[in-house]
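Participant: Using the sequences provided together with the hints, build the complete structure.
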Amino acid sequence: MNTNAGPDGRKNSQAPKAEWEASDEVALRVRTLTADNLELELDDVQMDSAFFELGAESLDLLDVAFALESEYRIQFPRTDLLERATDHFGEDALVKDGLVTDLGLELLREGMPELDPDLIKPGLRDIDVAKNITVGSFARITQRLIDAKATFPRTCAECGGTLVESEAMPEFECESCGVIVPVPSGDEILMQDLIELHERAAAAR
Amino acid sequence: MTGNGTSGQRFEGRAALVTGASRGIGKAVAVQLAAEGARVVVNYVKAEDEAAAVVEEITSSGGEAYVHQADVGDEAAVKELLRFTVRRLGDLDVLVTSAGTVQDQLLAMMSVKQWDTVLGVNLRGTFLCIREALPFMLRNGSSSIVCLSSIAADKAGRGHANYVAAKGGLNSMVRSLAVELAPKGVRINAVSPGIIATSMSERVRHLAGDEILDQIPLKRFGDPDDVARAVCFLASDEASYVTGEILQVTGGFGL
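The listed protein sequences correspond, in order, to chains A and B. 1 is the number of the first residue of the first sequence in our numbering; add one for each residue after it. 1001 is the number of the first residue of the second sequence in our numbering; add one for each residue after it.
Since the hints were derived computationally from the structure, they do not count as laboratory data. Each hint should be verified, as a subset may be incorrect.
Beta-carbon label-pair distances, calculated as ranges [what the hints assert, rightly or not]:
1. 1205(B) <-> 99(A): 50 to 60 angstroms
2. 1142(B) <-> 162(A): 32 to 42 angstroms
3. 1203(B) <-> 87(A): 36 to 46 angstroms
4. 1140(B) <-> 88(A): 50 to 60 angstroms
5. 1117(B) <-> 204(A): 32 to 42 angstroms
6. 1142(B) <-> 55(A): 14 to 24 angstroms
7. 28(A) <-> 1252(B): 36 to 46 angstroms
8. 1255(B) <-> 168(A): 42 to 52 angstroms
9. 1117(B) <-> 162(A): 21 to 31 angstroms
10. 46(A) <-> 1113(B): 29 to 39 angstroms
11. 196(A) <-> 1223(B): 39 to 49 angstroms
12. 1142(B) <-> 98(A): 35 to 45 angstroms
13. 87(A) <-> 1140(B): 25 to 35 angstroms
14. 1109(B) <-> 87(A): 33 to 43 angstroms
Okay, the calculated bits of chain B under chain A, using three or more residues with CB under 8 angstroms as the criterion [unchecked claim]:
15. 1039–1046
16. 1171–1185
Glycine included, each C-beta is placed from N, C-alpha and C at the ideal position.
Facilitator: This is how it looks when you write it as structure tokens:
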């Protein structure tokens, strides 16, 4: 399933990284976990379904995120895109007086390509971004974190031994010295992606 | 059987983390949870030997316990504490936040460091432990958090504005989180001890022991086990319809 399409199937103009597209398997798993969590039928939960339209509350989103963390042994981001990016771009640069700034709108287009393009325009309130997070957003993030884990260096920085992925926790353990290395956090990975995408988009403009 | 008059294995197979468990109330809670069947992680910040002794006490009685050092005010350390806990126990059903500190001083002479340290351990530390425990506790569908508060939050006294602010904030946080977490089956309560015979209250008992005893209807200082029993009740299924409660264990002090 293509998570880069809007609810009406349109593609956004900014092409995201190919690896951001969720595989069919991950997409189905995210839909299934969401449906289980919200006690809905699977058919009611589509990639373009907004969580809040499905009746989810904030804690339900966390529950789904934690379930995905447990299943894939990843560390889901704890902050949303605008909050995460504020540390880099500066206070008031992305949201001012509750409204998303022009730069904030740019970042949303670049970093959340599955959002409805009609939503991302001047006058957008930051709280409305959270209301429009879709199942597809979670699928894309999950896929990104799975891919990031797959390319994580498997050599121990302490002793040069081999790092083996834990079957229980989002971490690796060195076979030789036993040192434990957590998988990178979703906040870190998505922030790096966002900066890279933004710089690429700015260069293209 | 615990030997404390409580029958049954209320925590059989449960996984529990107790912060600040090297001595005092935290130690009593860890020992009692283990005596009732829980597998326990004993957290400490400085008292390594005492924490090891708590683990030894539990394991020599046939229980399962592990020790882990972490300053609960340190975000990275708390993250690792929770990872360690789930790595060892496989799950987390019960969290008891008992780590605490006092640095009493009249406000005019209270340093920012004294303020920050006490708020950092007692309030920020509790927040961090709960936040990092939630991913594991939410997935159980039925888990319990018990925070150690203090009668100081409700009974005015001079010289500990930092501690009172921290414990008052903790009580409010507990009530707020009770509402926030209830839909997911996570209960959270606090126990508010009065004057308990621990090293933490040694100074106040030494300075005003008789005067305070006169104000305690039960005419004795509390024992850590008195508090541990209340904590274990709130952590257990016996309290399955109790959340957002601040249970005073004070011998009537403050009535």
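Participant: It remains to establish, for every hint, whether it holds in the given structure.
Facilitator: Hint-by-hint comparison with the structure:
1. Checked against the hint of 50 to 60 angstroms, the C-beta distance between residue 1205(B) and residue 99(A) comes to roughly 57 angstroms, which is consistent with it.
2. Checked against the hint of 32 to 42 angstroms, the pair residue 1142(B) and residue 162(A) passes, with Cβ atoms roughly 39 angstroms apart.
3. One distance hint, 36 to 46 angstroms for the beta-carbon pair residue 1203(B) and residue 87(A), holds here, with the actual separation near 42 angstroms.
4. For the hinted restraint 50 to 60 angstroms between residue 1140(B) and residue 88(A), the CB-CB distance of approximately 36 angstroms leaves it violated.
5. Taken as a hint, the range 32 to 42 angstroms is violated for the pair residue 1117(B) and residue 204(A), whose Cβ atoms sit roughly 51 angstroms apart.
6. Here the CB-CB span from residue 1142(B) to residue 55(A) is close to 22 angstroms, well matched to the stated 14 to 24 angstroms.
7. Between residue 28(A) and residue 1252(B) the Cβ separation comes to about 60 angstroms, which falls outside the hinted range of 36 to 46 angstroms.
8. Residue 1255(B) and residue 168(A) have their C-beta atoms about 48 angstroms apart, which keeps the hinted 42 to 52 angstroms range intact.
9. Checked against the hint of 21 to 31 angstroms, the C-beta distance between residue 1117(B) and residue 162(A) comes to roughly 42 angstroms, which is inconsistent with it.
10. Here the CB-CB span from residue 46(A) to residue 1113(B) is close to 54 angstroms, at odds with the stated 29 to 39 angstroms.
11. At roughly 59 angstroms, the beta-carbon separation of residue 196(A) and residue 1223(B) lies outside the given 39 to 49 angstroms, and the hint is violated.
12. At roughly 38 angstroms, the beta-carbon separation of residue 1142(B) and residue 98(A) lies within the given 35 to 45 angstroms, and the hint holds.
13. The given range of 25 to 35 angstroms is respected by residue 87(A) and residue 1140(B), whose C-beta atoms sit roughly 33 angstroms from each other.
14. The supplied range of 33 to 43 angstroms is met by residue 1109(B) and residue 87(A), whose beta-carbon atoms lie about 36 angstroms from each other.
15. Coverage of the region 1039–1046 of chain B by chain A is violated in this model, with 0 residues showing a Cβ closer than 8 angstroms to a Cβ of that chain against a need of three.
16. Restraint check on the region 1171–1185 of chain B versus chain A: 4 residues with Cβ-Cβ distances below 8 angstroms, three needed, restraint holds.
Of the numbered hints listed earlier, those contradicted by the structure are 4, 5, 7, 9, 10, 11, 15.
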